[in-house]
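> If you read the protein sequences in the order shown, they are chains P and D.
In terms of my numbering, the first sequence opens at residue 1 and continues consecutively.
In terms of my numbering, the second sequence opens at residue 1 and continues consecutively.
Wrong hints could be hidden among the right ones.
Quick look at which bits of chain P chain D covers, simulated, 3 or more residues with Cβ under 8 Å [as the list claims (entries may be wrong)]:
1) 82-90
2) 104-117
3) 126-135
4) 145-154
5) 177-183
6) 212-218
7) 244-251
Please keep in mind that the hints were generated in silico from the structure rather than gathered at the bench.
Glycine included, every Cβ here is placed at the ideal spot set by N, Cα and C.
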Amino acid sequence: MFAATDLNASNRRKQGLIKTLFLLMTILLIVPVLIILTVLIVKGGPVISFEFLFSDPKDEMTAGGIFPALIGTVWLVSVALLASVPLGIAAAVYLSEYAPDNWFTRTINLAIINLAGVPSIVHALFGVGAFVLFFKFGTSILAASLTLAVMTLPIVIVATRESLQAVPQAFREACWNMGATRWQTIRRIVLPNSISGILTGVILEVSRTAGETAPIMFTGAAIFLPFLPEGVGDQTMAMSLHLYAMATQVPLPEHAANLPYGVALVLIGMVLAMNAISIGFRMWLRGKKKW
Amino acid sequence: MSRESTSKLPNLDRRDFAWFVDKGMQVFMFIGGISAIVFIIGIFVFITKEGLPFITDTMNFGEFFTSPRWRPTSENNPTYGALALIVGTASVTGFAMVVAVPFSLGAAIFIAEFATGRTREILKVLVEMLAAIPSVVWGFIGLSIMNPLIIDTFNVPVGLNVLNAGIILGLMAAPIMTTIAEDALKAVPDTYREAAEAMGATRWQIVWRVVLPAARNGLVAAVLLGVGRGFGETMAVLMASGHSINLPGGIFDSVRALTATIAAELGETVQGSDHYRALFTLGILLFIVTFVINLTADLVVRGVRKK
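Using the sequences and the hints, build the whole thing.
The following block contains the structure:
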């Protein structure tokens with residue numbers, strides 16, 4: 001009685017066509033990346049070995065490994081985290097727990113959005129002007145890491161604020177009713193209930209920090225150093241800058257032509273692994289949510 | 001009697017250790033809260049401090065914005081015309097948007113309106129992974145994979161050009177635009193869709209006539225933030241655009257971007273020289289443009305919320 005009319009049938013065909021079209025657009029966005037990853041793995045995979053990861057570059061960087069760059073990236077990321085995580089969490093706690101809804105808070109939010117949107121090379125100029133020259137840290141791990149910390153601060157703030165706001169208001173009210181101060185409530189109730197969300201944000205920040213190149217080029221990272229850094233006052237090599245140098249500055253002989261692919265693969269592997277952990281963590285949390 | 005019971009009430013106006021800790025932490029949180037403002041102002045102050053002497057003493061505004069001759073290292077007559085750099089940045093960003101905007105919005109529509117369940121989750125994760133790839137890796141891809149590909153496919157002498165950098169930049173900006181556009185589509189209340197469906201509208205009619213108009217501001221903001229991202233991208237453009245000062249006549253011409261110029265030249269300048277200060281001036285220009293783009297995007301989004 002209500003059999004599909006011709007109009008309906010043609011409509012359904014059209015719907016199917018449109019859906020396929022959009023699916024195609026989505027796939028076209030993702031396919032190039034899969035091709036690129038495959039090329040990196042095919043060309044870079046054979047380069048990677050225990051020796052590649054744990055030895056110094058040799059023969060003007062045309063042979064040997066990436067150990068100093070790996071260590072340098074660990075230094076830069078760690079120092080940057082030490083600076084940005086406490087500050088970022090404080091900012092998020094302020095915005096979520098203390099800030100009234102007024103023009104001042106809106107200005108802070110606007111500043112966070114803008115801080116995230118400032119080009120990385122402008123952050124580099126700021127690092128040179130402020131940390132290297134004005135505060136006289138010189139080109140050092142300290143100056144480079146602080147530059148990275150300012151740049152990635154919005155990531156921590158936004159992720160932390162989101163997970164703080166996910167804690168139900170009733171939890172806080174129950175605690176205040178017991179006579180707890182605001183800080184006691186935050187320390188004992190709000191932070192423990194959102195710590196995993198904060199961690200997700202921090203891991204995401206690690207992945208961003210490890211991949212950045214422009215902000216560290218002039219503030220503390222060097223293309224080649226014959227020694228490992230011993231403190232925050234030293235310069236250092238870094239994975240991202242090492243890839244840039246290998247790709248553009250070093251004339252590579254035929255037999256070493258695939259070295260940069262290996263560096264790129266290790267770098268992208270590090271970054272994507274951190275991201276995957278962060279995403280997995282977030283999904284696991286969503287499944288575990290108690291309220 | 002009544003006096004006694006009052007004295008047994010807890011002292012609400014306490015000044016004990018916990019109170020002082022509370023106040024102390026509140027100050028610390030406030031410092032964190034204003035840090036973003038401090039840093040934004042700090043960035044502007046410090047790059048202006050280094051760039052200002054150039055603007056006031058050496059810079060010729062007419063030359064800076066209309067001359068394509070960027071020759072800061074010339075011995076007897078250095079010229080600072082940034083036109084070619086501005087056009088370079090604009091052409092690469094423009095081409096990137098032509099590539100990325102349709103695909104990003106298409107992907108956002110598919111993820112938000114058509115995909116369901118597991119497909120949707122997987123696509124979202126893939127887009128997020130796409131956004132995580134560092135810009136120097138993108139630059140390397142442009143240099144070592146796209147470059148020979150373009151030379152072979154189009155039979156041109158150089159593969160590092162507007163086309164190469166534009167595609168790379170498009171792929172970099174796409175995940176950001178997709179994510180923000182998808183959020184904007186998701187923010188359209190389901191009652192709109194249900195009302196349209198009750199009128200007998202098909203999925204596509206709902207998307208085209210109801211959801212897209214309702215989400216318009218959010219979509220505009222998504223594109224704006226994509227433009228801002230493209231404008232400020234440094235390493236990928238430096239490595240994939242060919243880095244030659246040139247007013248491009250087509251997509252197979254090499255260009256040089258504002259960001260890339262700073263990245264390539266700052267290491268070779270003497271601190272305090274005109275050249276050094278000119279590079280900071282380019283930084284001021286970049287800062288102002290991205291600031292305006294971000295501000296506009298925020299105002300556009302806020303327009304949605306007010307309604």
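> Decide, hint by hint, whether the structure agrees.
Results of checking the hints against the structure:
1. 82-90: holds (count 5)
2. 104-117: holds (count 9)
3. 126-135: holds (count 6)
4. 145-154: holds (count 3)
5. 177-183: Holds, because 4 residues of the region 177-183 of chain P bring their Cβ atoms closer than 8 Å to Cβ atoms of chain D.
6. 212-218: As far as the region 212-218 of chain P goes, the hint holds, because 5 residues have Cβ atoms under 8 Å from chain D.
7. 244-251: Contact hint for the region 244-251 of chain P vs chain D: holds, 3 residues under 8 Å.
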